[in-house]
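Student: So the sequences go chain by chain: A and B.
Here the first sequence stands for residues 5 to 301, where the numbers follow this note's numbering.
Here the second sequence stands for residues 5 to 301, where the numbers follow this note's numbering.
The set of hints was computed from the structure by calculation and includes no laboratory data.
Careful, some of the hints might be misleading.
It does not matter which identical chain is used: a pair holds within one copy or between any two.
[As the list claims (entries may be wrong)] Derived DSS-like pairs: lysine-lysine, alpha-carbon spacing no greater than 30 Å straight-line:
#: 1; residue 1: 133; residue 2: 265
#: 2; residue 1: 164; residue 2: 133
#: 3; residue 1: 133; residue 2: 60
#: 4; residue 1: 180; residue 2: 133
#: 5; residue 1: 70; residue 2: 133
#: 6; residue 1: 70; residue 2: 34
Protein chains: 2
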Amino acid sequence: MEDKACILITGANGFTGMHAYEKAKLLGLKIICTGRRRNSNIPDNEFKVCDLTDFKKTLQLIEEVKPNYILHLAGFNDALQSWNAPYECLQANFGGTLHLLEAIRRFVPRSKTVVVGSALQFSPQKGEKPPHPYGLSKTLQVQLSEYWSDLFAIDVVIAKTSNLIGPGPSNGICSKIAQKIVEAERHQHTIKIDIKNGLAQCDFVDVRDAVDAYFCILTNQNELNLYEIGSGKSITLDELVACFQAVTSGHFEITVEERRKTEPVSMEIQPLQSLGWKAAYNLVNSLQDLLAYHRAS
Amino acid sequence: MEDKACILITGANGFTGMHAYEKAKLLGLKIICTGRRRNSNIPDNEFKVCDLTDFKKTLQLIEEVKPNYILHLAGFNDALQSWNAPYECLQANFGGTLHLLEAIRRFVPRSKTVVVGSALQFSPQKGEKPPHPYGLSKTLQVQLSEYWSDLFAIDVVIAKTSNLIGPGPSNGICSKIAQKIVEAERHQHTIKIDIKNGLAQCDFVDVRDAVDAYFCILTNQNELNLYEIGSGKSITLDELVACFQAVTSGHFEITVEERRKTEPVSMEIQPLQSLGWKAAYNLVNSLQDLLAYHRAS
Numbered sequence: 005m006e007d008k009a010c011i012l013i014t015g016a017n018g019f020t021g022m023h024a025y026e027k028a029k030l031l032g033l034k035i036i037c038t039g040r041r042r043n044s045n046i047p048d049n050e051f052k053v054c055d056l057t058d059f060k061k062t063l064q065l066i067e068e069v070k071p072n073y074i075l076h077l078a079g080f081n082d083a084l085q086s087w088n089a090p091y092e093c094l095q096a097n098f099g100g101t102l103h104l105l106e107a108i109r110r111f112v113p114r115s116k117t118v119v120v121g122s123a124l125q126f127s128p129q130k131g132e133k134p135p136h137p138y139g140l141s142k143t144l145q146v147q148l149s150e151y152w153s154d155l156f157a158i159d160v161v162i163a164k165t166s167n168l169i170g171p172g173p174s175n176g177i178c179s180k181i182a183q184k185i186v187e188a189e190r191h192q193h194t195i196k197i198d199i200k201n202g203l204a205q206c207d208f209v210d211v212r213d214a215v216d217a218y219f220c221i222l223t224n225q226n227e228l229n230l231y232e233i234g235s236g237k238s239i240t241l242d243e244l245v246a247c248f249q250a251v252t253s254g255h256f257e258i259t260v261e262e263r264r265k266t267e268p269v270s271m272e273i274q275p276l277q278s279l280g281w282k283a284a285y286n287l288v289n290s291l292q293d294l295l296a297y298h299r300a301s
Numbered sequence: 005m006e007d008k009a010c011i012l013i014t015g016a017n018g019f020t021g022m023h024a025y026e027k028a029k030l031l032g033l034k035i036i037c038t039g040r041r042r043n044s045n046i047p048d049n050e051f052k053v054c055d056l057t058d059f060k061k062t063l064q065l066i067e068e069v070k071p072n073y074i075l076h077l078a079g080f081n082d083a084l085q086s087w088n089a090p091y092e093c094l095q096a097n098f099g100g101t102l103h104l105l106e107a108i109r110r111f112v113p114r115s116k117t118v119v120v121g122s123a124l125q126f127s128p129q130k131g132e133k134p135p136h137p138y139g140l141s142k143t144l145q146v147q148l149s150e151y152w153s154d155l156f157a158i159d160v161v162i163a164k165t166s167n168l169i170g171p172g173p174s175n176g177i178c179s180k181i182a183q184k185i186v187e188a189e190r191h192q193h194t195i196k197i198d199i200k201n202g203l204a205q206c207d208f209v210d211v212r213d214a215v216d217a218y219f220c221i222l223t224n225q226n227e228l229n230l231y232e233i234g235s236g237k238s239i240t241l242d243e244l245v246a247c248f249q250a251v252t253s254g255h256f257e258i259t260v261e262e263r264r265k266t267e268p269v270s271m272e273i274q275p276l277q278s279l280g281w282k283a284a285y286n287l288v289n290s291l292q293d294l295l296a297y298h299r300a301s
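Put together the whole structure using the sequences plus the hints.
Tutor: Structural data, given as structure tokens:
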């Protein structure tokens, strides 16, 4: 019988999930990962196939594993695709979280959970409206988690995370640009980049730093029920592309559809820093590692 | 082939549902009612058994019926019981509504829907917290409906309704008091009423007036996406009991646990009135009809 702390990582097959698994391994935790399909990089004894949209299977999973910590990464993460599959998006992000929260309430009410929110959630408090079904799903997921935690005195903390970058299979804008660069390098083409709004603002944070933040929240006493995770610096897509140019040697042909000023993304990272978190990667490091990942793929 | 407008009434077995069926009948609409169990008061050709928490069955229902109007009454309505069955409450009120909204988006995007909200929903906009899982479920249901309607340009209006009273099988406080009165009348006992807070405030509206309001919203062009439905008058439970005493002749023994001032319930009914709605029943009428219903049961 092992009696060390057990962490359950949901969505372990995803971009963040693979880094979270590595981190948990480093920390020497007992790990159970879940995903809808088996993962060849994770040993069988550390992986359980479970689709969280299946309520009964989710209950069985939590009753069996009885985790001390839960890092809830599973979900539908593609804002654009959410227009084509709004039900599936809501069902994955809200339904899956409801199933997990109910299983926690029934079987492990003393566990601690981090639910990963998104900078793309909107704020009903400020009268904002959802820009897409994905934004709606994340906002309702976060509200459900916050209020469920209040109603049943369960320890659930929201990690509202900005755009994740770094090595691994992401569908974010940086990953798409990196793939184009590597493709062009292979065929010695010009690197063609199309940007919709050059002045659109983003906050990019390395996925490994975000994972560190999740573990920092999980393993510390928290005064807040929501932490924002980001670099704390908002940059424009023009600046992002310039940064890509600085770390590559190919010839770029950049088309920018418009340059319309938008509000900077302001992630409040001071509360997270006060838990001891500090980013280890800057944007250049992340882009270099991202390019290296795609060059090696 | 009939080509008159078809209304789908969900939750037709409930307190409001039975009155909504009668009203739709009066209006000469083609009616399809749904409920989890068959209803002996509604002809088989006007009733389809469907549990809205079953996504596939809900899709089949809407694809088959193709309603022009939908009055969505189905749900979990017991705030106290929601503590024992929070998942079931969320699944009925949020999950069932999500299934219905997705079916509307897929098969009848030009239909018009009224989703019945509750005065017990809370306002995240005002920083309020849910008092019980039922309040959480209604608030998330209303947000989902509002934003889904925005995202997909579907005509969904919220009817935020205060406490319903009147003849029929309700589990509200008035119904409970009326049952005690009728019970005491039958056995010529003293009527024993226990009230927790005599100064707790409620707005009571007759279920038949609320049903009129739902049809008024359904059949009019609406400027708002949310209408409040109530009497517009907040009364205390002390006043409610006094009103019961005024319409009955038995001897009352009233125990009031405390008299702690609370905020009046303020339902904004002017927008509804501007659609032509007017309450036909006052509190005395409603209580008399409620007592008559229980005396005849």
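Student: Next, verify each hint and record whether it holds.
Tutor: Against the structure, the hints come out as follows:
1. 133 - 265: within (20 Å within a copy, 36 Å between copies)
2. 164 - 133: both (18 Å within a copy, 20 Å between copies)
3. 133 - 60: Close across copies (29 Å), not inside one copy (33 Å); limit 30 Å.
4. 180 - 133: within (27 Å within a copy, 41 Å between copies)
5. 70 - 133: between (38 Å within a copy, 29 Å between copies)
6. 70 - 34: Within one copy only: 11 Å inside a chain, 52 Å across chains, cut-off 30 Å.
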